[in-house]
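Asks: Okay, here's what each chain looks like letter by letter:
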Amino acid sequence: MKMSWQAIGLCGLLALASPVQAEVQGLEIIAPASPGGGWDQTARAMQAALQEAGLASGVQVSNIPGAGGTIGLAQFVTSKQGQGNALLVGGLVMVGAILSNQSPVSLDNVTPLARLTGEYELLVVPTDSPLKSMADVVAQLKADPGSVSWGGGSAGGTDHILAGLIAKAAGVDPTKVNYIAHSGGGEALADVLGGHVSLGVSGYQEFAPQIAAGKLRGLAISSDERLPGIDVPTLKEQGLDVSLVNWRGVMAPAELAEADQKALADLVDQMVKSDAWKKTLETNGWLDMYQPAGEFQAFLAEDRAKVEATLKEIGLVE
Amino acid sequence: METLAALGHGFAVALTPYNLLWALVGVTVGTAVGVLPGIGPALTVALLLPVTYNLDPTAAFIMFGGIYYGAMYGSSTTSILLNTPGESGSIVTAIDGHAMARQGRGAQALATAAIGSFIAGTIATIALTFVAPAMVRLALLFGPAEYFALMVLALTTVTAVLGNSLVRGLSSLFLGLALGLVGIDLQTGQARFTLGIPELLDGIDTVIVAVGLFAVGETLYVAARSRYETEELYALRGSIWLSREDWARSWKPWLRGTALGFPIGALPAGGTEIPTFLSYLLEKRLSKRPEEFGKGAIEAVAGPEAANNASVAGTMAPLLALGLPTSATAAIMLAAFQQYGLQPGPLLFESNPGLVWGLIASLYIGNALLLVLNLPLVGLWVRLLTIPKPWLYAGILLFATMGAYTLNNNVFDLILLWVIGLIGFGMRVLEVPVAPCIVGLILGPLAEQQFRRALAISQGDPSVFVTHPLALLLFAIAAVLLLTPAVLRYRQRRLAS
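Protein sequence lines correspond, in order, to chains A and B.
Mapping of the first sequence onto the working numbering: residues 1 to 318, in sequence order.
Mapping of the second sequence onto the working numbering: residues 1 to 497, in sequence order.
Hints in this document: simulated from the structure, not taken from any laboratory.
Idealized CB from N, CA, C, for every residue including glycine.
Hints are not guaranteed to be accurate.
[Unchecked claim] Computed far set for chain B versus chain A, every beta-carbon distance over 10 Å: (1) Arg102; (2) Gln103; (3) Thr156; (4) Val182; (5) Leu392; (6) Arg428; (7) Glu448; (8) Arg489.
[Unchecked claim] What follows is a list of derived Cβ distance ranges for each label pair: (9) Gly163/B to Gln60/A: 33 to 39 Å; (10) Arg289/B to Thr283/A: 52 to 58 Å; (11) Gly196/B to Asp288/A: 39 to 45 Å; (12) Leu470/B to Thr127/A: 19 to 25 Å; (13) Gln60/A to Gly395/B: 52 to 58 Å; (14) Leu470/B to Gln60/A: 46 to 52 Å; (15) Asp288/A to Gln190/B: 35 to 41 Å; (16) Ser79/A to Tyr393/B: 30 to 36 Å; (17) Pro462/B to Lys306/A: 51 to 57 Å; (18) Ala394/B to Gln83/A: 46 to 52 Å; (19) Ser226/B to Thr78/A: 38 to 44 Å.
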């Protein structure tokens, strides 16, 4: 605590000593989720990194939770339009929630600024499960799709989308996927550990400690290639042409003046290069998936199309 | 023996002046946030995370543990004095606790809550030390079918709070069940009864309804009647200490509440509300004076207060033994473990024994600190009720409104609070009990989700509810609880005639 006061003091001194440094003042980062979740942690990590690196002062994080981030998005769109001192954290889940909640505002009403981090999805079974590989899962899916129960997070979220993509790649009707939605990771994990569902789908981090302890077995990971240090084969290796990343990124308000947009983009660009941000990625186990605005907008267009198609195929969106 | 040595080491860690200071900071902050309805321990820990980044992890977790327990203590204080539950775990406390306060027995209600919480917290922490791994294995046996049976069992609580009129009691229950349906359905992702209002997509918050019905509705009612009411409300009577009779009526509920709270808290989908409901029901069934329940029975404060504190220790069991967060606060503590680069999960006991045992030891210490902090304050707290009535009523309403706003920083919640408050006022005028509404609101959605999950996994085969032995056992207990009073009444009538 003492350290951080010193750091803040130091930032203040730096700000006084170097007026040439363009410092954004009174920046507000909106986390459209409750404290503690991934978006909230991202927003708070940005706050810490921006202040530690002296890039911005007086950064505030506000939580506007609800409905997969669409409440926060709606408030951001209506109250921040054209303002150069506000950012919104979001991600893949928000893309799905906009569609399934029929949100009146979408990502067309904001300026996508950068993709920051991401996490791959993992499929797991209890160690004593008869399912040993994706081939076993596919065989059972083909024989009786309803007999494979998939335990994961909320309906229409990343985990559900991955289950739909896998079914489709295996040539099974995605509407037949027996997806068991859970609120919050702990509940789904308990149902997987207790053997109440056939397999679990969630972010890698959630299952990693259980795999290390020998309680769960990883069947497949949703990355394009095997990840260093993770001894789990990819879906593609096992003949299923599916990859999915649960990304998190940051948006700016719509209709920004060009100078404001550039200032915010530069700010994020400098932040991701700071030591403070790199240290945060390391301690949280987040993968660096930084994409600046141009690349991110192209990626986002592709991802939105993929999510929309999948949600229609699993029958959640008409 | 090994466990005792490890625990001894834990105490050595926790009792260093530096860590003790953080425990004290934690329980003080926790009590403060428990008092406010909107700010819970989860939010507080989340806000403090970045600040504690440079703190030694053991000290940080000792502080977080203190916040968690402290919030439970603080929340019961406002439930009893102001009829404004700060956390959903102390909603049940408000029913009889506030009735006691109105009769001038607020000090006794606070004392039985504080001592009960201390005893429950201590016993549950001892249980955590010795049976956490076994508890967790048992908890994992609970699948959707078992949870549904547990929810049905908890729903029988409603029979204890229905009041004199079955029609009025059931109307209140169904209002609660209907309110519980509002929002996105978890299994299908479809919105239900949201009237196109995006703020309703996540459902109606339990704390908003409880504060609306209890604090706003009740306060409006007593304020509206104050002109006609000659009875002197809230005036303190006699000693503020627990009498011999109070002790005699409290100690068994404390122990029974603990026995309910710890195991249910350890269940991944158990939560703190369910054990408080069950404890209330159990105490009413076992009491020699069931007619006092709802009108200020000390057992109805002692039992649920012990239950909610024991369940807090219960949630620590799966968190420490499995890395499984079973409450919002536990989830944030898990995030905190990750921030410190600690691998939470089954290996934590081996990889970081100093931290785990330090945390467990600090829970004991936090409990003792809270008792020391809270008991002397009882006399001061109850004096709050002696301020002039118009001021007191206005204060409660202001406090409830502020709390509702801080919940989500959303003006919509304020409108909701006052609409529900006015409904609560109407219910009081029509003599419809409000407690069944809360029970329905909390348990309805939980029961529905587990019921549908169980049927989805079994692909529509309803036999899962009877072929799972644990589920069947829980259903049987529910049936006994439901039928016993009716059978007893029938026999009494037969004997009488």
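Asks: Take the C-beta atom of Pro462/B and the C-beta atom of Lys306/A, compute their distance, and say whether it sits inside 51 to 57 Å.
Replies: Check failed, 38 Å falls outside 51 to 57 Å.
Asks: Assuming the hint says 33 to 39 Å, is it satisfied by the Cβ distance from Gly163/B to Gln60/A or not?
Replies: violated (47 Å)
Asks: Evaluate the given range 30 to 36 Å for the C-beta pair formed by Ser79/A and Tyr393/B.
Replies: Holds - the Cβ-Cβ distance for Ser79/A and Tyr393/B, about 35 Å, lies within 30 to 36 Å.
Asks: Measuring from beta carbon to beta carbon, are Leu470/B and Thr127/A in 19 to 25 Å?
Replies: holds (23 Å)
Asks: If you check the beta carbons of Ser226/B and Thr78/A, does the distance land in 38 to 44 Å?
Replies: For Ser226/B and Thr78/A the Cβ distance comes to about 43 Å; the hint holds.
Asks: Can we confirm that no CB of chain A comes within 10 Å of the CB of Arg428/B?
Replies: At about 31 Å from chain A, Arg428/B clears the 10 Å cut-off, so the statement holds.
Asks: Range first: 46 to 52 Å. Now tell me if the beta carbons of Leu470/B and Gln60/A are that far apart.
Replies: Distance hint for Leu470/B, Gln60/A holds at roughly 48 Å.
Asks: Should the hint that Gly196/B and Asp288/A are 39 to 45 Å apart at their CB atoms be regarded as holding?
Replies: Hint holds: Cβ distance 40 Å, inside 39 to 45 Å.
Asks: Do the beta carbons of Ala394/B and Gln83/A sit within 46 to 52 Å of each other?
Replies: violated (37 Å)
Asks: For Asp288/A and Gln190/B, compare the CB-CB distance with the range 35 to 41 Å and indicate the outcome.
Replies: holds (36 Å)
Asks: Beyond 10 Å from chain A, beta-carbon-wise, is Arg489/B?
Replies: Holds: least Cβ distance 40 Å, greater than 10 Å.
Asks: Beyond 10 Å from every chain A Cβ: check whether that's true for Thr156/B.
Replies: Its Cβ never comes within 10 Å of chain A, the nearest being 24 Å, so this holds.
Hint compliance for this structure: hints 9, 13, 17, 18 are broken, all remaining hints hold.
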